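Number of protein chains: 2
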Amino acid sequence: MKSDVKKLVNSGRLEFAGGAWSMNDEAAVHYQSVVDQFTIGLKQLQDTFGTCGRPHVGWQIDPFGHSREMASLFAQMGFDGQFFARMDWVEKGERLRNLTAEMIWKASADLGTSAELFTGLLYQHYSAPPGFCFDTLCSDAPIIDGDSYDNNVKERVDTFIEYIYNVTKNYRSSHVLIPMGDDFNYQNAAMNFKNMDKLIKYANERQSLGSKVNLFYSTPACYLKAIHQDPLTWPLKTEDFLPYSTDWHTYWSGYYSSRPTQKRFERDGNHFLQVTKQLTTFANLTGTSADSNLDKLRHAMGVMQHHDAITGTEKQHVAQDYDRLLAAAIESAQTNARLALQRLTNLTNGEFVSCLQLNISVCEFTKDGANQVVVTLFNPLARPSTQYVRVPVKNEAYIVTDDSGRVVPSDLLPIPNEVQNLSFRAKQATHELVFSAYVEKLRNYYVRKRINRRSVNEPERDKSNELLAGSDLEKDIQTRAEIVVKNSLVKLTFDGTGHLNKVEMNGITENIRQDFYYYKGAAGNNAEFKNRSSGAYIFRPNGTEFLIGSTVSFSIYEGAQVKEIHQRFNPWVSQVIRLYEGLNRVEFEWLVGPIPISDNFGKEIITRFSSAIKSNGVFYTDSNGREMLRRVRNQREYFKPNMTESVSGNYYPITARITIEDATKRLALLNDRAQGGSSLKDGDLELMLHRRLLRDDAFGVGEALNETAFGQGLVARGKVYLVLGRVKDTPSRYERIEQQQIHLPFWKFFSSASRASSVKVPKIPIFNVAQNVHLLTLEPFGTNERLLRLENILDKTEGASVTFSLRPIFDQLGGEEIRETTLDGSMILSDMSRFKFQPEGSKVRKPEYYKSAHTPLSAKKKDSSSKFSITLNPMQIRTFIIKWK
Amino acid sequence: MKSDVKKLVNSGRLEFAGGAWSMNDEAAVHYQSVVDQFTIGLKQLQDTFGTCGRPHVGWQIDPFGHSREMASLFAQMGFDGQFFARMDWVEKGERLRNLTAEMIWKASADLGTSAELFTGLLYQHYSAPPGFCFDTLCSDAPIIDGDSYDNNVKERVDTFIEYIYNVTKNYRSSHVLIPMGDDFNYQNAAMNFKNMDKLIKYANERQSLGSKVNLFYSTPACYLKAIHQDPLTWPLKTEDFLPYSTDWHTYWSGYYSSRPTQKRFERDGNHFLQVTKQLTTFANLTGTSADSNLDKLRHAMGVMQHHDAITGTEKQHVAQDYDRLLAAAIESAQTNARLALQRLTNLTNGEFVSCLQLNISVCEFTKDGANQVVVTLFNPLARPSTQYVRVPVKNEAYIVTDDSGRVVPSDLLPIPNEVQNLSFRAKQATHELVFSAYVEKLRNYYVRKRINRRSVNEPERDKSNELLAGSDLEKDIQTRAEIVVKNSLVKLTFDGTGHLNKVEMNGITENIRQDFYYYKGAAGNNAEFKNRSSGAYIFRPNGTEFLIGSTVSFSIYEGAQVKEIHQRFNPWVSQVIRLYEGLNRVEFEWLVGPIPISDNFGKEIITRFSSAIKSNGVFYTDSNGREMLRRVRNQREYFKPNMTESVSGNYYPITARITIEDATKRLALLNDRAQGGSSLKDGDLELMLHRRLLRDDAFGVGEALNETAFGQGLVARGKVYLVLGRVKDTPSRYERIEQQQIHLPFWKFFSSASRASSVKVPKIPIFNVAQNVHLLTLEPFGTNERLLRLENILDKTEGASVTFSLRPIFDQLGGEEIRETTLDGSMILSDMSRFKFQPEGSKVRKPEYYKSAHTPLSAKKKDSSSKFSITLNPMQIRTFIIKWK
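Line by line, the protein sequences give chains R and Z.
Oh and the first sequence: position 230 is 230 in the UniProt record's numbering, straight run, nothing missing.
Oh and the second sequence: position 193 is 193 in the UniProt record's numbering, straight run, nothing missing.
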């Protein structure tokens with residue numbers, strides 16, 4: 001059978017479309033994980049089928065809205081175009097009417113033609129024409145020919161041909177693409193082909209009667225090739241297709257926030273995947289076991305990108321299975337990490353434990369008091385970084401030293417009661433030890449309890465690590481006056497009710513008030529449009545939002561490194577606000593849940609920052625964590641949207657950043673996972689943190705999004721970062737850098753200090769490229785090859801091109817040869833030749849092709865250093881395969 | 001693929017079980033149609049696959065109870081055994097406990113060992129073991145092996161082996177048969193075999209740990225062969241497995257009567273099939289078209305025997321499709337009949353119209369007054385017969401003449417108002433012309449209007465045909481006295497309320513009262529046993545019966561040939577009672593419907609004949625129209641039944657006859673279609689005529705049995721015949737002959753008299769065998785062959801063996817060679833060798849085999865006449881294939 005399939009592929013009769021590990025979502029995914037999952041998918045196709053197995057078109061037929069970044073990535077991977085099925089119902093109607101359902105998507109404001117992608121909308125969802133589903137799960141009539149009472153050939157062919165004419169009316173070309181299939185289909189090839197064979201035969205027999213319809217088996221790529229050869233021009237598209245709406249009351253903007261803990265766990269998975277890919281590379285781990293350990297996490301992350309995984313739109317037991325899968329995969333990858341670190345550090349027997357619950361200050365390894373713990377920090381970025389590290393401990397005095405034995409200043413802060421009291425967190429650490437660490441790529445820090453008597457070897461006493469007792473400012477809120485907390489860079493002011501109401505930083509003062517609210521989820525029967533429920537897919541608030549905690553109880557802890565304000569808004573919403581010395585941002589770590597439902601209302605919890613910034617209806621949101629898109633409240637690029645649902649219709653996916661600005665001030669929120677967000681009023685920004693709903697929204701989950709754990713509603717925790725800046729300083733540039741460090745901070749491994757030895761360890765490569773150059777990927781790539789991806793993370797409004805030599809990296813990685821490839825790594829860049837379609841207004845010419853805009857790098861060890869010089873234009877990603885010895 | 005399948009069949013890896021055109025019901029079918037549908041099924045297998053395609057076992061896994069006749073037919077067809085799945089729940093439990101679920105069924109009281117059949121009950125319905133359904137429509141977990149979190153091999157194999165041990169405990173052999181499959185299964189071979197392969201592999205691996213379970217792919221016939229070789233003996237069984245019950249309240253005795261009009265239409269189909277098979281043979285019609293016309297009706301009749309067709313347990317639209325199919329098939333066969341009759345009669349252009357609605361006196365061809373109509377009568381029996389013929393006409397005077405021009409006496413009788421007023425019967429005949437006809441095999445009668453002036457050629461005036469005006473006895477019922485209607489053989493007495501209350505015939509006088517009643521159908525939710533509804537399958541009366549029409553209005557019409565009593569019991573129940581001169585029986589033609597449901601009760605209508613015959617709990621019912629079985633109220637052969645439902649639990653299928661008797665008197669009812677019936681009280685006999693119900697009974701139909709037509713409840717009409725006799729005269733013998741004539745009376749074809757010509761027509765063979773020899777089948781059987789089946793219709797209590805020469809028939813059919821075969825016609829009888837199993841109490845011997853009890857006939861034209869002598873023992877059927885030139 002394998003050989004038959006290969007024959008079909010080689011003869012072009014069977015073709016892959018898409019080709020990633022899963023058909024990923026486009027709203028809640030981060031581009032790094034999308035690139036990764038296409039890399040493994042396309043590599044698998046390449047390894048299995050060779051060049052003929054390579055997909056030529058993206059096939060995103062099910063995701064609930066479409067991001068511009070996805071289109072850009074397809075172009076960068078050398079795809080000729082993409083097709084999808086879901087588009088806002090108003091826009092879809094207009095585009096079909098206007099013959100603009102197929103277009104050239106200029107998918108990047110920075111990358112020019114190299115990110116242009118032909119994009120086509122399917123006519124009727126992703127389904128076979130109505131009545132022509134021939135599959136085990138369909139009950140459409142088969143095509144019955146011959147001498148039978150039930151012979152229906154005429155009627156079925158009439159119906160099909162009429163359908164074809166209806167499709168043709170809505171598209172520019174006389175070629176039309178009719179998908180045959182649907183969800184859960186293709187269970188019975190005999191049934192399918194028997195009927196399609198008949199349909200083709202009998203429809204084509206009509207040609208002798210004058211029919212112009214010629215049916216044949218085809219593929220999306222063949223269709224694309226046919227229309228590429230047509231003398232046609234195509235409309236342009238520059239923004240994206242989000243949010244997605246299917247009727248007056250149904251905006252698919254709930255899933256931007258559904259299952260917040262799983263959305264965060266997926267980010268942990270990506271973080272650890274990048275760490276272990278790099279560690280496996282640096283330690284030169286090879287062999288089946290090392291590959292397999294890494295592949296498990298690559299594959300699990302591929303699955304997590306699925307449009308019913310990262311989206312949170314799966315059933316509860318499926319969600320739990322995804323969590324299990326990802327946890328097991330992390331465990332596998334952890335084996336590589338440990339082996340690598342045992343080679344790369346002096347801890348040749350180190351445990352190198354990863355604590356996955358540090359977000360709630362839980363670490364089995366350190367909880368009993370951090371008695372001589374080594375904290376090994378791995379920095380996945382391409383340059384050295386300074387970051388604050390937090391270690392959960394008991395309420396004792398500690399000394400932190402670096403790998404030279406130097407004492408490092410540290411603070412000890414209490415873990416908020418709301419976290420300590422989490423029912424499933426019994427007997428864990430009560431405090432966190434906080435210190436600042438500087439790491440090039442890999443470094444050990446040592447934590448030990450302070451011993452009362454001074455021993456000979458004990459370094460000078462560090463006074464900074466004193467329990468911050470007596471600083472508790474919890475007072476009767478009625479009498480509380482304005483309260484100020486500040487450090488050298490940021491000053492926060494809280495009003496008498498305990499709410500943040502002013503932020504001063506970067507030379508700007510702005511009255512920024514933060515509140516928590518909840519929307520009640522609409523609870524309908526979904527039978528009619530107006531009866532839609534809020535659910536896993538759909539966000540549909542039932543009326544306006546309700547304020548949570550008009551007054552806030554709180555405590556303040558002021559250390560030398562960090563100031564913390566612990567706020568409690570109500571029994572199920574609390575928060576820690578942190579100012580770290582030297583960091584130009586405010587951190588808000590929220591804790592939401594269990595969301596009460598005893599009133600029989602589902603609730604969707606948001607936090608909102610209100611300012612006086614004159615944003616004039618405009619806000620900016622990231623596209624999958626890379627480029628920013630301009631949003632205008634109640635508007636879309638192409639059409640006038642139906643705004644019956646004025647809240648959910650203005651929600652966009654925020655996977656990294658949402659900002660507003662006026663002529664002088666700019667306010668940005670960065671987050672730690674995908675969330676829905678908006679600016680519903682000038683000066684405001686809101687993010688949805690958590691959702692708990694009591695009805696299904698009838699789009700396939702079949703369950704209400706009512707997450708529980710430990711016998712109660714699920715509790716979620718996460719971080720939002722606020723940056724207030726002066727527009728003229730281009731704070732966006734700073735936000736980018738922060739964004740990167742939030743996404744890929746140091747990974748912490750814990751070992752017992754007693755495992756340390758004095759063996760000489762291999763030198764780990766130190767990258768030190770410009771601050772805007774991101775080490776997007778460094779991983780083993782087949783036998784004796786490594787994949788290296790570098791990215792300029794600044795766009796053209798934020799920075800310029802950067803040119804540098806790859807020679808140092810190449811040498812450090814033991815390179816013998818290097819070749820540049822398409823983004824996915826499986827095609828040599830010089831081989832790329834994509835269909836170029838003619839924009840409207842241009843003269844129709846012969847078919848044209850996109851090629852790489854620059855001369856792809858291809859060099860060997862013996863080549864001169866100058867040959868290794870590369871330039872990264874704003875937002876450019878370049879991918880290289882390095883052969884090593 | 002065809003060649004692959006043939007290879008599998010030839011190598012014994014794929015085997016057919018059953019092999020008929022459909023898996024027929026066993027309660028409502030007539031044996032003639034079962035034999036027919038096995039004949040075509042087995043022939044098709046033989047023609048397609050040769051000897052290896054021949055089934056060895058019956059596979060009646062779904063029918064709702066099992067008849068003795070079916071087992072007998074299997075034995076006569078050379079089957080080694082049969083398996084089924086449904087048995088009364090109490091009996092099933094006992095048989096499994098007692099290791100008697102497999103047995104030797106002595107399936108005929110007359111045929112001895114040649115009708116013995118090994119019969120096995122499957123352990124768990126006809127399903128794969130719970131949890132082991134591997135099919136598209138199942139959601140059982142697949143067997144997951146290898147390095148998977150979900151690996152479930154151990155648990156699945158444990159479960160399966162435990163199941164095997166449970167099965168083994170209930171059967172005598174160490175071999176066990178585990179079916180893998182279910183209703184609507186086998187949609188995905190890959191899914192099925194992938195899992196079964198794993199199951200077999202991993203279960204058998206347990207043998208190295210001491211497991212005694214060895215799984216392998218097998219077939220029912222292989223299983224049977226294995227246990228045939230076992231040194232085991234088996235219990236005997238002599239009666240049948242009817243009725244079928246699945247819990248305290250659920251007797252599957254409703255379907256014996258469901259859809260009475262379809263059950264009757266099926267009988268018309270059989271009648272016409274026998275007629276056209278014979279006509280096609282006699283006229284030597286050959287060629288594809290003639291074969292195909294006949295095959296359509298053969299196939300349609302094969303479908304009609306299905307256990308969800310003749311049973312009436314299909315959805316309404318399926319029932320309608322069956323009707324359509326059968327009607328179209330009759331139409332096809334009609335083409336053969338017409339061609340044959342044009343060859344065989346002097347009407348070389350005759351229309352030979354068949355009127356399928358003669359049961360309600362509708363015939364388009366005659367309705368306008370029978371102006372010179374030829375009535376061509378075809379007699380399908382093996383001997384000449386005299387029968388009364390009825391032709392629907394208008395109220396005028398008619399002359400009937402035979403094919404010699406002789407006037408035949410006739411009566412003209414009004415059609416009852418209740419029939420005339422049927423809403424869908426507008427503008428049809430108002431009267432019926434009745435005359436007695438004598439037909440050897442084929443004969444024309446001529447009907448024409450009487451012309452007032454006597455013409456030269458007009459024969460002597462026949463005085464008998466006068467409108468029977470003035471004989472209307474409809475009177476005020478309050479003042480009515482006893483009324484007597486009689487002819488030379490039968491005398492009926494009606495009481496003052498208009499009910500029959502006395503019958504005198506055959507020298508016996510008995511007070512027999514006839515009434516109509518209805519049961520209310522139980523209307524439950526089927527969720528619990530006690531909540532079962534009466535439905536298409538299930539008969540469950542809600543309480544006792546309700547009398548219909550305590551007083552009856554009626555009219556009497558007395559002709560010379562026929563006396564008719566037209567009774568009206570209520571607006572939806574009426575009846576015509578008929579006495580035909582010279583016929584020793586009383587005919588009751590009932591008309592029931594539309595059954596009212598405005599009171600929200602479903603109703604099941606019966607007629608009951610009550611007598612003083614001391615039947616002592618015993619009554620007799622036919623088995624598929626052949627042998628009779630003794631029934632004892634509230635008892636069964638093997639077990640004590642649960643009689644919570646005392647009415648439906650005593651119901652049995654009546655496909656031809658039900659009788660009671662005491663030391664001197666015997667009362668028999670013969671019917672015209674399958675019906676449920678019983679003797680609930682000594683001296684009583686009842687038949688269920690019609691059912692209209694408002695709830696589904698939750699066994700798969702998914703609809704209530706609520707038949708409607710023309711916008712109201714369905715109206716049904718049919719006949720019951722009563723024979724009262726003296727036990728010492730063996731009236732059963734007479735009943736048998738009547739039964740045959742009721743089942744296969746003359747078929748009437750209508751043509752215009754003007755089509756007659758004087759061409760010489762071929763002579764049609766005249767059979768004239770003994771009265772107890774039935775021409776069960778005469779049909780074309782492949783190229784230049786004819787199948788002839790002769791049956792002794794009397795059992796050993798009714799008659800003796802009959803010996804005669806086949807030579808005259810052989811010669812008349814142009815025979816060249818003749819060979820005797822098994823009942824189905826596809827296997828030479830001398831090749832038959834069936835497994836013989838050892839009965840309990842016998843000494844265990846080496847495997848034995850059944851062979852034919854007599855020397856099969858095999859002769860050629862040149863052989864002496866004496867070689868053609870055959871004997872038919874009581875109830876014996878012998879089947880011959882005659883090669884002709």
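I should point out that these hints are in silico values taken from the structure, not numbers from a laboratory.
Note that the coordinates shown come from a computational prediction; the quantities given were computed from them, not determined experimentally.
Be careful, since some hints might not be right.
[Unchecked claim] Facing chain Z, a subset of chain R residues (Cβ under 10 Å, in silico):
1. LEU137
2. SER139
3. VAL153
4. ASN192
5. HIS317
6. ASP321
7. ARG324
8. ALA328
9. ILE737
10. PHE804
Beta carbons: idealized from backbone N, C-alpha and C, even for Gly.
The hints, checked one at a time:
| no. | hint | in the structure |
| --- | --- | --- |
| 1 | LEU137 | holds, 8 Å |
| 2 | SER139 | violated, 13 Å |
| 3 | VAL153 | violated, 19 Å |
| 4 | ASN192 | violated, 13 Å |
| 5 | HIS317 | violated, 13 Å |
| 6 | ASP321 | holds, 9 Å |
| 7 | ARG324 | holds, 7 Å |
| 8 | ALA328 | holds, 7 Å |
| 9 | ILE737 | violated, 40 Å |
| 10 | PHE804 | violated, 44 Å |
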